[in-house]
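S.K.: Heads up: the protein sequence lines correspond to chains E and R, in order.
Here the numbering used here is used: the first residue of the first sequence is 1, the next is one more, and so on.
Here the numbering used here is used: the first residue of the second sequence is 1, the next is one more, and so on.
Rather than coming from a laboratory, the hints here were simulated on the basis of the structure.
A couple of the hints might just be wrong.
Said to hold, decoys possible - Heads up, incomplete: computed chain R residues facing chain E, CB under 7 Å, no partners named:
{"id": "1", "residue": "Leu25"}
{"id": "2", "residue": "Pro79"}
{"id": "3", "residue": "Gln83"}
{"id": "4", "residue": "Leu84"}
{"id": "5", "residue": "Ser164"}
{"id": "6", "residue": "Phe169"}
{"id": "7", "residue": "Ile279"}
{"id": "8", "residue": "Met300"}
{"id": "9", "residue": "Val309"}
{"id": "10", "residue": "Ser313"}
{"id": "11", "residue": "Val317"}
{"id": "12", "residue": "Ile318"}
{"id": "13", "residue": "Met321"}
{"id": "14", "residue": "Leu322"}
{"id": "15", "residue": "Ile325"}
Said to hold, decoys possible - Cβ-Cβ distance ranges computed for the label pairs, FRET-style:
{"id": "16", "chain 1": "E", "residue 1": "Leu55", "chain 2": "R", "residue 2": "Trp184", "range": "36 to 46 Å"}
{"id": "17", "chain 1": "R", "residue 1": "Arg153", "chain 2": "E", "residue 2": "Lys59", "range": "37 to 47 Å"}
{"id": "18", "chain 1": "E", "residue 1": "Leu176", "chain 2": "R", "residue 2": "Ser232", "range": "12 to 22 Å"}
{"id": "19", "chain 1": "R", "residue 1": "Pro119", "chain 2": "E", "residue 2": "Ser66", "range": "42 to 52 Å"}
{"id": "20", "chain 1": "E", "residue 1": "Leu144", "chain 2": "R", "residue 2": "Gln83", "range": "23 to 33 Å"}
{"id": "21", "chain 1": "E", "residue 1": "Arg31", "chain 2": "R", "residue 2": "Phe193", "range": "31 to 41 Å"}
{"id": "22", "chain 1": "R", "residue 1": "Lys181", "chain 2": "E", "residue 2": "Pro237", "range": "28 to 38 Å"}
As the list claims (entries may be wrong) - Part of the chain R face toward chain E, derived, beta carbon under 7 Å:
{"id": "23", "residue": "Pro166"}
{"id": "24", "residue": "Leu268"}
{"id": "25", "residue": "Leu270"}
{"id": "26", "residue": "Val297"}
{"id": "27", "residue": "Val299"}
Cβ atoms here follow ideal geometry from the backbone N, Cα and C, with glycine treated the same way.
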Amino acid sequence: MSETTLEEARDGAVAIVGRTPWQITRSRLRRDHVTLVAMGFAVFFVLLAAMAPLLTAWKALDPYTSHTNLVGGLGSLPLGFWGGVSGQHWMGVEPGTGRDLFSRVVNGLTVSLLVAVCAALLSVTLGTVIGLISGTAGGKIDWLFSRVIDFVLSFPQTLMLIALSTIVIDILKAALHVERTPASMVFMILVMGFFGWPSFARIIRGQVLSLKEREFVEAARSLGAGRWRIYFKELLPHLWAPILVYSTLIMPQNIATEAALGFLGVGIQAPTPSFGSILNDSVHYANADPAYFIFPGVTLFLVVLSFNLVGDGFRDALDPKADRQ
Amino acid sequence: MFYYIVRRLLSVVVMLFLITGTTYLLFFAGPEDPARYTCARNCTPAILEGNRKALGYDQPVYVQYGKFISGLFVGRDFPDNAQLRADHPEQVVHCPAPCLGYSPTQNRTINTIVASAWPVSISIAIGAFAIWMILGVGGGVIAALNRGRWPDRIIVGSALIGFSLPTFFIGLVLLTFPAIKWGWLPIPHYVSFFENPFDWAHNLVLPWLTLACIFAASYVRLTRAYMIETMSEDYIRTAQAKGQTRWRIILRHGLRAALTPIVTAAGLDLGGLLGGAIITESVFSMHGLGWTAVNSVTVMDLPVIVSMVLIVSTFIVIANMLVDIAYGFIDPRVKLVG
Numbered sequence: 001m002s003e004t005t006l007e008e009a010r011d012g013a014v015a016i017v018g019r020t021p022w023q024i025t026r027s028r029l030r031r032d033h034v035t036l037v038a039m040g041f042a043v044f045f046v047l048l049a050a051m052a053p054l055l056t057a058w059k060a061l062d063p064y065t066s067h068t069n070l071v072g073g074l075g076s077l078p079l080g081f082w083g084g085v086s087g088q089h090w091m092g093v094e095p096g097t098g099r100d101l102f103s104r105v106v107n108g109l110t111v112s113l114l115v116a117v118c119a120a121l122l123s124v125t126l127g128t129v130i131g132l133i134s135g136t137a138g139g140k141i142d143w144l145f146s147r148v149i150d151f152v153l154s155f156p157q158t159l160m161l162i163a164l165s166t167i168v169i170d171i172l173k174a175a176l177h178v179e180r181t182p183a184s185m186v187f188m189i190l191v192m193g194f195f196g197w198p199s200f201a202r203i204i205r206g207q208v209l210s211l212k213e214r215e216f217v218e219a220a221r222s223l224g225a226g227r228w229r230i231y232f233k234e235l236l237p238h239l240w241a242p243i244l245v246y247s248t249l250i251m252p253q254n255i256a257t258e259a260a261l262g263f264l265g266v267g268i269q270a271p272t273p274s275f276g277s278i279l280n281d282s283v284h285y286a287n288a289d290p291a292y293f294i295f296p297g298v299t300l301f302l303v304v305l306s307f308n309l310v311g312d313g314f315r316d317a318l319d320p321k322a323d324r325q
Numbered sequence: 001m002f003y004y005i006v007r008r009l010l011s012v013v014v015m016l017f018l019i020t021g022t023t024y025l026l027f028f029a030g031p032e033d034p035a036r037y038t039c040a041r042n043c044t045p046a047i048l049e050g051n052r053k054a055l056g057y058d059q060p061v062y063v064q065y066g067k068f069i070s071g072l073f074v075g076r077d078f079p080d081n082a083q084l085r086a087d088h089p090e091q092v093v094h095c096p097a098p099c100l101g102y103s104p105t106q107n108r109t110i111n112t113i114v115a116s117a118w119p120v121s122i123s124i125a126i127g128a129f130a131i132w133m134i135l136g137v138g139g140g141v142i143a144a145l146n147r148g149r150w151p152d153r154i155i156v157g158s159a160l161i162g163f164s165l166p167t168f169f170i171g172l173v174l175l176t177f178p179a180i181k182w183g184w185l186p187i188p189h190y191v192s193f194f195e196n197p198f199d200w201a202h203n204l205v206l207p208w209l210t211l212a213c214i215f216a217a218s219y220v221r222l223t224r225a226y227m228i229e230t231m232s233e234d235y236i237r238t239a240q241a242k243g244q245t246r247w248r249i250i251l252r253h254g255l256r257a258a259l260t261p262i263v264t265a266a267g268l269d270l271g272g273l274l275g276g277a278i279i280t281e282s283v284f285s286m287h288g289l290g291w292t293a294v295n296s297v298t299v300m301d302l303p304v305i306v307s308m309v310l311i312v313s314t315f316i317v318i319a320n321m322l323v324d325i326a327y328g329f330i331d332p333r334v335k336l337v338g
């Protein structure tokens, strides 16, 4: 609504002001209340995840102490309403041990977000570099990279993650001299990151193909700019919009994939809390104590939803073809 | 057109060859001894050695790979020993072409495993496909036609929610509440369609809904976007100016054009699912290809893992090819040049 109409401009009531793309994006985002609220949630989740180790150290969160007095009966189910929800235990307690579920979910959020962010960084970096090179170089290099992209995309991602976990985690354990948990975190980052780059490289390549015909690239080249300068100084600044959108949209995917793999029992495993490991454990109690999977599941859903909404909002706000209404 | 199809077929063959080679290398050339997982409790070095011989793990990887490929075309014997076959035919398992291999943990050929698992996966995929196409495309069209008004907001909002709900979480909720706690629907187990079509569908409702949810949501978004785009084209205005009815314009002019990219996406998604819906099958313990894959990972049955990767990749590659060729038929603007 704030855009100047022709009539207003002709009347001289409002002067036409040139606006940078960044200003347009910002003003669009400011009017998009859904995205703003989602952004609030996403920032909250990220801060919570970042604070979790501190909160645990300060004893505000306690994911490891058992409260056997809070569980009882056959199968040591939580006592009380909905998995033992109380002022002390906001999401109730874990069946069996009576550990505080909220603390475990928040600590799990840290692990899940860390894995998701690192994998997203890996995919986006690989995708950007390969897309840039492929699009600018053209010819044989472009053909080769395009075939590699087709090849990687022909593998079923979830199935490969599951299948590779059998051998790669053991290799990583031996190579890095670490326990199973860090090894499986590194595995998730590497493999999710690896299967994430090809589709993004395609997007970047497409953008570069149209960008490289523009005059400023021609100008840079005629001034004697080298190949790498053209890649990173001339072209890269024009690609931040797809990079930002893709990074936000791949995050929820990675979070959901980590959870799904943990659920299947091949990702990060107990006792380390992550969405995957908590939900994998909760399956055994799905019937007796549904609250144990509902609370982490709903939290996971909210995290994924808020990131999806932010990504959608960014995409709409950055789309030059979007409606100017 | 003919040359295009031939060329595409050739590239499919090359691609499948590369995929099988890579997968085989990944799983059989690693530092792990594949024979280690062939006998569980009553293992002795002698049995281990016997298994290693019978399954061909004592040979170099390229020889194993060669046998695997030739088995796909002419079949194989386990153990591959003509003498033994002549003397004791009951000790040799014959696996007819296309032979995928032999599962040491289930003690049967992978072909028989696939034969029993595949109907389950196909049943789940097809039912879910029907549900998500009806909901997704229907919802997308309604949303696009009511753009910005409340039906659009409701549909787009629920699509976002459906898109963000993890599949296994929907599955767990549907399994726990309507099936186990409230008893509205049976706890799913597979009944063959040819035995009892009603039981087949009744048992599969929950897996269908679980799998369809995330796809329906993304098809709503896809259809809505394409529909909005085509409905603002000039030829739609021309059709309106000619005085055609609203529904004819929507269906014959709008949806017809928007359908091309939707069919593409649908073909690729269905192709991927024919190889098994891993999470849905695992939640409901439906013993399809996806469940088989997860199970073979837990028991480290390498030949089965490799076969599952191959089957799904084959579906993906072939679906890709079919979609490319179908483009030439659906969209008259696309010319396939060899």
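S.K.: It remains to establish, for every hint, whether it holds in the given structure.
M.R.: So, going through the hints one by one against the coordinates:
| no. | hint | result |
| --- | --- | --- |
| 1 | Leu25 | 11 Å, violated |
| 2 | Pro79 | 25 Å, violated |
| 3 | Gln83 | 34 Å, violated |
| 4 | Leu84 | 31 Å, violated |
| 5 | Ser164 | 4 Å, holds |
| 6 | Phe169 | 4 Å, holds |
| 7 | Ile279 | 6 Å, holds |
| 8 | Met300 | 6 Å, holds |
| 9 | Val309 | 6 Å, holds |
| 10 | Ser313 | 5 Å, holds |
| 11 | Val317 | 5 Å, holds |
| 12 | Ile318 | 10 Å, violated |
| 13 | Met321 | 11 Å, violated |
| 14 | Leu322 | 14 Å, violated |
| 15 | Ile325 | 16 Å, violated |
| 16 | Leu55(E) with Trp184(R): 36 to 46 Å | 42 Å, holds |
| 17 | Arg153(R) with Lys59(E): 37 to 47 Å | 45 Å, holds |
| 18 | Leu176(E) with Ser232(R): 12 to 22 Å | 55 Å, violated |
| 19 | Pro119(R) with Ser66(E): 42 to 52 Å | 46 Å, holds |
| 20 | Leu144(E) with Gln83(R): 23 to 33 Å | 48 Å, violated |
| 21 | Arg31(E) with Phe193(R): 31 to 41 Å | 52 Å, violated |
| 22 | Lys181(R) with Pro237(E): 28 to 38 Å | 56 Å, violated |
| 23 | Pro166 | 5 Å, holds |
| 24 | Leu268 | 10 Å, violated |
| 25 | Leu270 | 14 Å, violated |
| 26 | Val297 | 5 Å, holds |
| 27 | Val299 | 10 Å, violated |
The structure is inconsistent with the numbered hints 1, 2, 3, 4, 12, 13, 14, 15, 18, 20, 21, 22, 24, 25, 27, although it conforms to all the rest.
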